[in-house]
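Respectively, the protein sequence lines represent chains W and P. Counting from 57, one number per residue, gives the positions in the first sequence under my numbering. Counting from 0, one number per residue, gives the positions in the second sequence under my numbering.
A hint or two may mislead.
Rough simulated footprint, nothing fancy, chain W against chain P, three-plus residues with beta-carbon under 8 Å [said to hold, decoys possible]: (1) 38–51; (2) 110–118; (3) 166–177; (4) 182–188; (5) 195–207; (6) 210–219; (7) 227–240.
Treat the hints as calculated values from the structure; they're not laboratory data. C-beta atoms are modelled at their ideal positions from N, C-alpha and C, and glycine is treated no differently.
Listed here are the chains, written in short residue letters.
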Amino acid sequence: MTATATRVSVAVTVSLAVVLSLAASGPADPKDEARRLVIQNEILQKQIELASQEAFCLVLDPSAQTMTLMLKGAVLRTYRISDLEIGDPRVAFVSRGETIGWQGKIWSRGALVPPRDQDRIEIIPPPPGAADDENAAAPPVPPTPEERYPVPPRYGIRFEDGLFVEVSPTGESTSGGLWARIGAWWDDLWEVTRVEPTDRLRLRLHLRREDSEALYRSLPPDTKLLALPPR
Amino acid sequence: MIGGNLNAARGEALGRPRRSALVVSLPWRLRPGKWGVIAAILVTVLGAAAHGTGFAYRPATEFAMVLPSQPSPNPDALRKSLARLRSQQRTLQAALRQKSPRGTHLIIDQTLNRLQVKKDGDTLLDVRCSAGSGMLLQEGGGKKRRWIFDTPRGQFRVLQKVQNPVWKKPDWAFVEEGKPIPTDPDERFEYGTLGEYALHFGNGYMIHGTLYERLIGRSVTHGCIRLGKEDLRKVWSSVPHGTPIYIY
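All chains, full assembly: derive it from the sequences and hints.
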């Protein structure tokens with residue numbers, strides 16, 4: 057008798073849960089649907105605008121966990137994101153940042169921090185008449201991309217209007233040792249207490265090491281960024 | 000405290016003044032106990048403020064986009080609005096698809112020296128190449144011309160496909176070799192240097208072969224893209240005239 061009662065109560069609970077979940081997943085509120093469509097259409101217009109320009113752009117899609125480098129609508133490379141965090145500047149727990157409106161906005165003039173400086177080698181042409189000299193020095197063999205552009209453990213892309221995207225390899229601590237942590241904390245403290253902070257919002261991306269290094273080495277100058285809203 | 004007393008007693012025994020005597024002789028206002036409390040409070044407050052100062056990170060999933068508020072329309076108007084928005088979305092999606100390349104196109108990473116042939120989202124070929132060295136060449140004598148050997152970034156197209164190309168050496172090639180610039184144009188032609196094929200993409204830049212295959216994968220060129228013999232054959236056969244080239 058007790059076993060039958062238990063079975064009945066379990067069946068009733070399961071049925072109730074199914075009914076409730078079906079009710080919850082029913083058709084969305086038409087007003088919300090209209091608002092969602094307005095936003096999606098605005099984003100599509102921004103993507104078309106970007107695809108019509110000559111500029112390189114990064115499209116950050118938190119839902120798909122990807123960041124895609126694009127030019128005129130062509131996908132150049134897709135970087136898979138393992139973790140994405142958003143940081144706003146705070147002074148004594150009071151926010152000074154803008155965590156609203158960063159999605160769906162085109163952020164311009166992205167530049168690497170620290171910059172990827174190219175140390176150009178100057179070719180010294182041999183003096184006239186020495187061209188056929190067999191003892192002339194062979195031209196220098198340029199270094200590999202890995203040798204030429206060492207990737208710092210912590211780097212970022214700073215955009216105009218206050219967005220900073222910090223990039224680090226997945227599963228690796230970017231904070232380093234104690235002194236590095238203190239240094240980073242001091243830098244952040246200095247940054248947020250300025251009268252006009254440079255970074256009003258930070259995104260922290262964790263990429264595969266290969267992607268993280270490739271992004272640093274290959275990111276073109278003056279890249280734009282568009283962050284898509286979650287779907 | 001016991002340790003302190005023992006130390007004080009030891010100091011007394013050795014003829015040194017007791018530390019506790021110094022504390023007792025100070026006025027009440029300056030007793031370290033009070034200053035200690037004030038310092039502790041200050042340190043706690045400043046520490047808490049410093050702890051709450053900096054960048055506070057939260058997972059991106061917490062940030063949904065804020066939906067714009069709109070006045071409540073009547074159901075009929077809302078239905079019409081939804082239909083219009085859906086239709087607009089289809090149009091925009093089609094316009095965006097139009098922007099992306101259709102058919103075969105080339106993607107070149109000129110820093111990492113990679114060339115990909117893509118078609119409708121599939122990667123048909125992914126090979127090593129060589130792009131511009133980024134070196135500088137300064138002309139001697141009175142002219143003082145200067146060249147930078149970079150591969151240009153941007154969107155280009157295959158403008159011309161040439162089999163058994165002949166290289167018409169520009170001035171910098173003679174300057175680099177320390178040779179006088181010829182006055183006879185015929186002296187500029189060089190045969191076999193560019194490999195079996197060349198695909199011109201504008202301003203004298205080409206995708207071509209090389210005599211120095213061991214350097215493929217390094218940035219060694221004067222701005223052109225060099226490929227190994229076999230890879231160049233594959234690119235030549237899969238890339239028609241007019242194919243878009245994206246270099247980043």
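Find the hints from earlier in the document that the structure breaks and name them by number, from lowest to highest.
4, 5 and 7
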